[in-house]
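Input sequences plus hints: build the corresponding full structure.
Residue numbers (the numbering used here), protein chains in the order written: chain A, 1 to 487; chain B, 1001 to 1487.
Keep in mind that the hints were calculated from the coordinates and are not lab data.
Only a predicted model underlies this, so the values are computations on that prediction, with no experimental measurement involved.
In this text, a Cβ means the ideal position worked out from N, Cα and C, and glycines have one as well.
Careful: at least some of the hints might be erroneous.
[Claimed, not checked] Only some residues are given here: those of chain A computed to face chain B with a beta carbon under 7 Å: (1) LEU139; (2) ASP142; (3) GLU146; (4) PHE226; (5) SER296; (6) VAL316; (7) GLU345; (8) LYS350; (9) ALA379; (10) GLY399; (11) VAL400.
2 protein chains.
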Amino acid sequence: MTLFLQAMSDIEELRQSDDVQQELREVQELLARHRVVEGLVHRQEMPRHELVENLVHKQHIAELHHKLDELRPADIAYILEALPLVERLFLWDLVKADRDGEILLEVSDAVRETLIEAMDSHELVAAAEKLDADEIADLAPDLPNEVMQDVFRALPIDEREQLRSAMSYDEDAVGALMDFDVITVREDVTLEVVLRYLRRFEDLPDHTDQLFVVDREECLKGTLPFNRMLITDPDEMVANIMQAEPLTLEPSDKAEAAAQAFERYDLVSAPVVDSQNRLIGRVTVNAVVDYIREESETEHLSRAGLREGEDIFASVWDSVKNRWSWLAVNLVTAFIASRVIGAFEGSIEKLVALAALMPIVAGIGGNSGNQTITMIVRAMALGHVQPESARVLLRKEIGVAMVNGLIWGSLLGCVAWWLYDSVQLGLVMTAAMMLNLIVAATVGVAVPLLRQRLGQDPAIGSSVMITAVTDSGGFFIFLGLATLFLL
Amino acid sequence: MTLFLQAMSDIEELRQSDDVQQELREVQELLARHRVVEGLVHRQEMPRHELVENLVHKQHIAELHHKLDELRPADIAYILEALPLVERLFLWDLVKADRDGEILLEVSDAVRETLIEAMDSHELVAAAEKLDADEIADLAPDLPNEVMQDVFRALPIDEREQLRSAMSYDEDAVGALMDFDVITVREDVTLEVVLRYLRRFEDLPDHTDQLFVVDREECLKGTLPFNRMLITDPDEMVANIMQAEPLTLEPSDKAEAAAQAFERYDLVSAPVVDSQNRLIGRVTVNAVVDYIREESETEHLSRAGLREGEDIFASVWDSVKNRWSWLAVNLVTAFIASRVIGAFEGSIEKLVALAALMPIVAGIGGNSGNQTITMIVRAMALGHVQPESARVLLRKEIGVAMVNGLIWGSLLGCVAWWLYDSVQLGLVMTAAMMLNLIVAATVGVAVPLLRQRLGQDPAIGSSVMITAVTDSGGFFIFLGLATLFLL
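Here it is, written out as structure tokens:
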């Protein structure tokens, strides 16, 4: 209880204080009060049956219910993510069943797993059925097989088809971002007719900024942006004001390419067509925004060696599993570097200063190599690197390495000289720094270019690889030079 | 020439092959042909005055002109970024002057600098004048002072005011994302009147998905989404169908908070109001998408120690300047770690195996610490970490560290035992791994929480800091334990 009260006052100090934070605080307060009552029961100061009758308790639950009803699904998702497991599941139970599906779509993967584990298959089927086909497809990987079968059976024929096609696309393809909420019109009608047609709708799908003009075979003839429709005389024909050659996507296109198109041309929605130019669906900017966020997050996490986003309240064991593979890889590279040092133990025994200086050479090489590789991978992702540029880039990076080697190498050479009173040691230090930086630059340019040529993602694991090379390489160069010239 | 031809065939192999890549290839081909002719002049096989008359040459230039006229500003920006400096500036000269401003807005910061350097102040003023106030504000940091003064003087009074206000906001504030393209209506008119009013426009601003309903004092009363307008009977009053309590932003709000709101509520545009609820402008989803991309890029680059995105064709010297500060910081931390080792030189001299094993302890600690800090910083950015969670998180991370320490520490202990045939050395290795992982976990949790409490960005420099601690700490723990128990 005191913990909670203190937390409440602590929270006041938080800098972030937007609306959802406010909501989160209110929910936590209600949960805290609930917990106090539960605590009394637990400590047997109040028998449970009394609690059941307890008006205060009921009132808290009612208040929470009320609060939750007011909140948008995305906000509830946010609150669920910020709560420890016990409170998260307690709150999840209170959410009205008809919003389960929407909320499951909004929470992070790790938190979704905890919520789905707490639902029986009946509840899951009910939740999924309320969603659109493309949304069900998003949930599908987390749902048990028998649930998916039930959901599938419950769908109307055309949505089954949509679900099947939505699930068939690769996670990184446009098909995975696509939804099926398209409104189509014919080109040989007037705007007046279109406007009357629209008024028959109860609601337009979110992000409808344009209608799609198709012929009888569902082939896309153009798009009719609202912006253009609204400034035009209603007697005008659709064919005359539609945008005749709109940007189209195909479901097998890369999602990243679609994201770049949205960014470059400032789109809100774009039609998706098959190879015969038949309209299948559309991609909207909100799906693109989510995709961009997720991509940057995944990249960010994977660079630090996390397999996926972690629920911060995950168990120790889940966290260990999420992180072990990276540690294992690094252990192997560290072991190799250690064996390189092992090969020079004789030299170190004779000149122990080498042991103290060698991590500097390896470390700076790693940093410099990471700078190079990050710059190149980014430029490649943006499509700025042509194969012909390889030579130019390599020359430039080696130039940078030599300048850095000269500056930092000389500096450290002087330090080594000063510390150990040996000009030769200083010179070896300078030479080793310079050489290791050149190795780092070469590998930093070559590895991503080579990986792309082999059809692999140039980003994945690049940081481990460069560090492995500059560590082992740095030790080898420094200790090797020292053995040759000093002993 | 052969270089270029080979490059052309190389480019065919590129996996990326979207439309802009195609355009880029065509432009490069035209440039290549131009270069061949120029090359002839250079090698004096053709006097320059003949060249000027040369029809072939003129034809190439005309083709390039034509090509450029067809392309959208964003595509031209893309092509400029992918070309080496000489060709970039040659092409930049050919771009019609009236599109200069738009293209400058689209290119990356580093490339923009190279383009602006090639323009005289007259051209710059002309380019800036064709832009909206909020766009000029985006360019302002890169423009020379006297150019900005001329631009300012040339603007109408109301736009001067807008420019002044747009420039007054922090880069990370909503004000910096805002534009002034709002269409306002009154609440006491019918939709019919609104529709007639809209038809008087030549064009609606991009991303207009709703009108803003204001009173005589410009106070925001609500928004009128097109989606709702189009399905409603034209005789209905605006007041009856407008969304009365829309999400509003203030110019001083954090841009990140606005981005999260757009993501969470799937917005296309949102009104920006001042503290008296008077409408000032709006934020659109394209500004948000650009912001999200830039943020993730900056974060990504800064983690690798790059101050900003680099033009891949930048000079060696520019690159050195962009990267030196990170290397300097790392040099200092590496030097400290080296001095820690220096303090134990006596121990290493007696047992040289320590030198070979110590980098493993330091390295794994650094990796593990980076995992922890990345996870926590991410959760903090999402607002999931309450101060009260600190204890829970610390306990969990120490748990993870102990499990990892036990697994990897024992493994390496056995390896050390096997390699150097000493049980004691193995035990010291295991204990050191365990302790350094616990240090890494503690620092990984404490540093970001502490930085946030001090009002600093928890992400910046976190990786350097944790590596510094686990390196020096790892060496100290391992060599210290070895000195105590083995010698």
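- request: With chain B as the partner, please determine if LEU139(A) meets the hint condition of a C-beta pair closer than 7 Å.
  value: violated (18 Å)
task: Tell me if GLU146(A) is really an interface residue toward chain B, meaning its C-beta lies closer than 7 Å to one of theirs.
output: violated (32 Å)
- prompt: Does the interface hint hold: is SER296(A) within less than 7 Å of chain B, judged Cβ to Cβ?
  reply: Where the cut-off is 7 Å and the nearest Cβ of chain B is about 3 Å from SER296(A), the hint holds.
- request: Tell me if ASP142(A) is really an interface residue toward chain B, meaning its C-beta lies closer than 7 Å to one of theirs.
  value: Cβ of ASP142(A) sits 20 Å from chain B, so the hint is violated.
message: Quick check on VAL316(A) please, does its C-beta sit within 7 Å of some C-beta on chain B?
response: Check passed: Cβ of VAL316(A) comes within 4 Å of chain B, closer than 7 Å.
query: Once the shortest beta carbon distance from ALA379(A) to chain B is found, is it less than 7 Å?
result: With Cβ-Cβ at 5 Å, under 7 Å, it holds.
Evaluation of the interface hint that places GLU345(A) against chain B, nearest CB under 7 Å: Holds: closest Cβ of chain B sits about 5 Å from GLU345(A), inside 7 Å.
Hint status (Cβ of PHE226(A) to nearest Cβ of chain B, threshold 7 Å): With a closest approach of 5 Å, the PHE226(A) hint holds.
message: For the restraint on VAL400(A), tell me whether the closest CB of chain B is nearer than 7 Å.
response: holds (5 Å)
message: Min Cβ distance, GLY399(A) to chain B: is it shorter than 7 Å?
response: Given a least distance of 4 Å, the restraint on GLY399(A) holds.
field: Interface hint for LYS350(A), Cβ within 7 Å of any Cβ on chain B
entry: Hint on LYS350(A): violated, closest Cβ of chain B at ~9 Å, above 7 Å.
When held up to the earlier numbered hints, the structure conflicts with 1, 2, 3 and 8 and fits the remainder.
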